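Chemist: Sequence:
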Amino acid sequence: MKRVLVALLCFLVLGLLGCETPGGQREPLATPFAGTKDVELTYEVVGAPIPAQGFGKDLRALVLARLGAAQIGADVDEDEAEGRPPRLHIVVDESLAPRVDELTTWTGTLLVLERDPTVVLAAPATSANLTRGGADGEVWYEGRRGDVLRAIETWTIDRDHKIVAEPIPSPSDGLAVLRWRTRVVRAAPRGELGDGAIVGWGGAPNIRVRAESGSPSAAVIDGVKDDPAGVVLARGRISLGAPAFANDALHVDFGEGAGAYARARRERILLATPRLPPLRRVDAVGLPPNRTLTIACLVVPILLSLGWLFFIRRFDRAHPEPMWLIGATFLLGAVSTVPAAFVEELLASSSHWLDPNLVTYGGQMFAFPLSFAVFTVVVGLTEEGAKRAASELAVRRAEFDEPVDGIVYGIVASLGFAAAENIRYFAIGRLNAPLVIARCFMSVPAHMFFGALWGYALGHTLVDPKTRRWAWIALAAACHGLFDALLSTDGAGILAVVLNLLLASAFVALVRRSLRHGPITDEMRAAAIAPEDRALFRVGRPLLFWASAVLLHALAFGIFVLGAYYQLSRHRPSMLFVVGSTVLLAPLILAALGVATALPLDVVVDSYGITFAGAARPWRKIRAYKRVRDHIEVDCEGGPLLLGPAPKATLEEIGAALKAHLGASGGQDRVNTLQSRK
Numbered sequence: 145m146k147r148v149l150v151a152l153l154c155f156l157v158l159g160l161l162g163c164e165t166p167g168g169q170r171e172p173l174a175t176p177f178a179g180t181k182d183v184e185l186t187y188e189v190v191g192a193p194i195p196a197q198g199f200g201k202d203l204r205a206l207v208l209a210r211l212g213a214a215q216i217g218a219d220v221d222e223d224e225a226e227g228r229p230p231r232l233h234i235v236v237d238e239s240l241a242p243r244v245d246e247l248t249t250w251t252g253t254l255l256v257l258e259r260d261p262t263v264v265l266a267a268p269a270t271s272a273n274l275t276r277g278g279a280d281g282e283v284w285y286e287g288r289r290g291d292v293l294r295a296i297e298t299w300t301i302d303r304d305h306k307i308v309a310e311p312i313p314s315p316s317d318g319l320a321v322l323r324w325r326t327r328v329v330r331a332a333p334r335g336e337l338g339d340g341a342i343v344g345w346g347g348a349p350n351i352r353v354r355a356e357s358g359s360p361s362a363a364v365i366d367g368v369k370d371d372p373a374g375v376v377l378a379r380g381r382i383s384l385g386a387p388a389f390a391n392d393a394l395h396v397d398f399g400e401g402a403g404a405y406a407r408a409r410r411e412r413i414l415l416a417t418p419r420l421p422p423l424r425r426v427d428a429v430g431l432p433p434n435r436t437l438t439i440a441c442l443v444v445p446i447l448l449s450l451g452w453l454f455f456i457r458r459f460d461r462a463h464p465e466p467m468w469l470i471g472a473t474f475l476l477g478a479v480s481t482v483p484a485a486f487v488e489e490l491l492a493s494s495s496h497w498l499d500p501n502l503v504t505y506g507g508q509m510f511a512f513p514l515s516f517a518v519f520t521v522v523v524g525l526t527e528e529g530a531k532r533a534a535s536e537l538a539v540r541r542a543e544f545d546e547p548v549d550g551i552v553y554g555i556v557a558s559l560g561f562a563a564a565e566n567i568r569y570f571a572i573g574r575l576n577a578p579l580v581i582a583r584c585f586m587s588v589p590a591h592m593f594f595g596a597l598w599g600y601a602l603g604h605t606l607v608d609p610k611t612r613r614w615a616w617i618a619l620a621a622a623c624h625g626l627f628d629a630l631l632s633t634d635g636a637g638i639l640a641v642v643l644n645l646l647l648a649s650a651f652v653a654l655v656r657r658s659l660r661h662g663p664i665t666d667e668m669r670a671a672a673i674a675p676e677d678r679a680l681f682r683v684g685r686p687l688l689f690w691a692s693a694v695l696l697h698a699l700a701f702g703i704f705v706l707g708a709y710y711q712l713s714r715h716r717p718s719m720l721f722v723v724g725s726t727v728l729l730a731p732l733i734l735a736a737l738g739v740a741t742a743l744p745l746d747v748v749v750d751s752y753g754i755t756f757a758g759a760a761r762p763w764r765k766i767r768a769y770k771r772v773r774d775h776i777e778v779d780c781e782g783g784p785l786l787l788g789p790a791p792k793a794t795l796e797e798i799g800a801a802l803k804a805h806l807g808a809s810g811g812q813d814r815v816n817t818l819q820s821r822k
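Residue numbering for the sequence shown follows our numbering, beginning at 145 and increasing consecutively.
Quick caveat, the hints were computed from the structure, so don't treat them as lab data. Errors might be hidden in some of the hints.
Distance condition first, Cα-Cα at most 20 Å in a straight line; then the derived EDC-like pairs of lysine to aspartate or glutamate [what the hints assert, rightly or not]: (1) 765 - 667; (2) 306 - 260; (3) 792 - 777; (4) 369 - 246; (5) 369 - 460; (6) 770 - 797; (7) 792 - 774; (8) 306 - 245; (9) 181 - 221; (10) 306 - 258; (11) 803 - 777; (12) 369 - 400; (13) 770 - 781; (14) 610 - 634; (15) 369 - 260; (16) 306 - 339; (17) 803 - 781; (18) 306 - 246; (19) 803 - 677; (20) 792 - 781; (21) 792 - 746; (22) 369 - 397; (23) 306 - 221; (24) 181 - 202; (25) 369 - 392; (26) 770 - 796; (27) 181 - 219.
Treat the numbers as computed from the prediction; the structure is a model and nothing was measured.
All chains should be built: construct the whole structure from the sequences, respecting the hints.
Modeler: Okay, here's the thing in structure tokens:
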């Protein structure tokens, strides 16, 4: 068994280092783990000092916003000293350094540059892919993005011109354009689209740049509207291509197909980020491995899942599952992320119509039905199927003997899956607080609720072997697909929160239904009790339950706000952040315990006996009962059974049902008989 567990752990680590995050952007194999290959980039402000800005608008926060828009996780610190301009220190994985350099040295404006195809470049000897295709004698270098950017740095050109990199979009391109080219433009720009420029969707896979009336940008647009094909719009060293003029605005086309929409959306988000002062890189230093960050990215996701696991086990107090089986299912759930990632990659790479990153058409609402279907099939069925397979060991064990066990093991496998998934996400985001908190209170519970759906069906099979388990897996996959599609559609994120709340309500209902049964024994099966022959009496503290549930969500939101605040102000949590989050975390834990403790449950009375909170007692083992304040205490062989709390009227109804089975004496006349059998 130990060798099997070690092999599974190695398989999981290899998968996390070399596979994509399920549902996320595909990463190349052997991607370095967070903190193992970091580089520190130092930038200095060029020109006049920056005036003091308000909270969230200082230079460090602006750079964080720029990098966040490009989905780049980085540690950013600002350094000010007398006698020199302010400096920024950005720590990032070395593979992302060129991209960070491109985004940080770009001020945030669009330059209008005049094309000059008459300049013939003197290509270096290494430019084997030099293409001569212009009818006017224009010469350019064509290749992949990185190759073209390197070519720009090595080619020489006169001071009146400069070279930019320009994509050559194709309908077969996905999130990234495969072919790029150099473009020679005049060094002096025709204008700059900055103050007064407004960037938005152009109604197709293009972005629209218009300007406020009377602004400097309006004059620039007016100056090029008669010959827009003679210029290009450039974001730093990147040319967006020649615009078209229509409806008092410049339109930049990104090609055809779903990938064009995704690229247009990504560019629109970047162009909407705040402007930066001119920055130049003054240093780049490789850093030793940050083992603290690496270990934290491994440990924190596991601790978060274990915290939710502790919460879930509170619902299975009557017959807790063995910890070794819980641990094995958790580990199998984590390992299941690897085959799930391979299947998703295989499907997504087989067709653009099966790529979740493309079918959203850049988050457009009109693509929601398609994205919902693709997320359901590619992500939902794959991941829920993988988690279901991870629970098979537990299902085949003798310990799997009561309906609530299905929910428990379904959630345990899902928590293992979520932990492994979060290791990848936290590593990419370098463990920034808002990401950790958002996934803790949104994505991890969502995984739990998806697993609870098909887990309920597994447990209910003990009661009704004809339960359609495949239908519940399909339902979980559809909910999973809906959740991801909502998060990927612009303006629909709040609906994902609503869906999570609805799933939480469904989870409560399924737990209540499952706890109406105890361990399913041969004696219970032989009784063959129909559902309509079981009397149900609701007990619990509903007001405390709902108050705890509302408080739980409010405190989770408060922790998220606190994390976002420190992300903007300090980025790395300080002692004040630790104290503040602990102050919120303590009542959050109490609220979670309140939800688990005060959950309204049903007392079930039937011809077999009494069932409450997963504990079942046959009539032959019940000695007597008595009322104790707001509970009814049932004296049974094997220990008492406490029913409640409940209002007086409900207690009287339960007492009447018990009296009907035990007799008018409340079972007291059976005590001597039961004791004489010992």
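Chemist: Under the constraints set out in the numbered hints, which ones does this structure not fulfil?
Modeler: Hints 4, 5, 12, 14, 16, 20, 23 and 24 not satisfied by this model.
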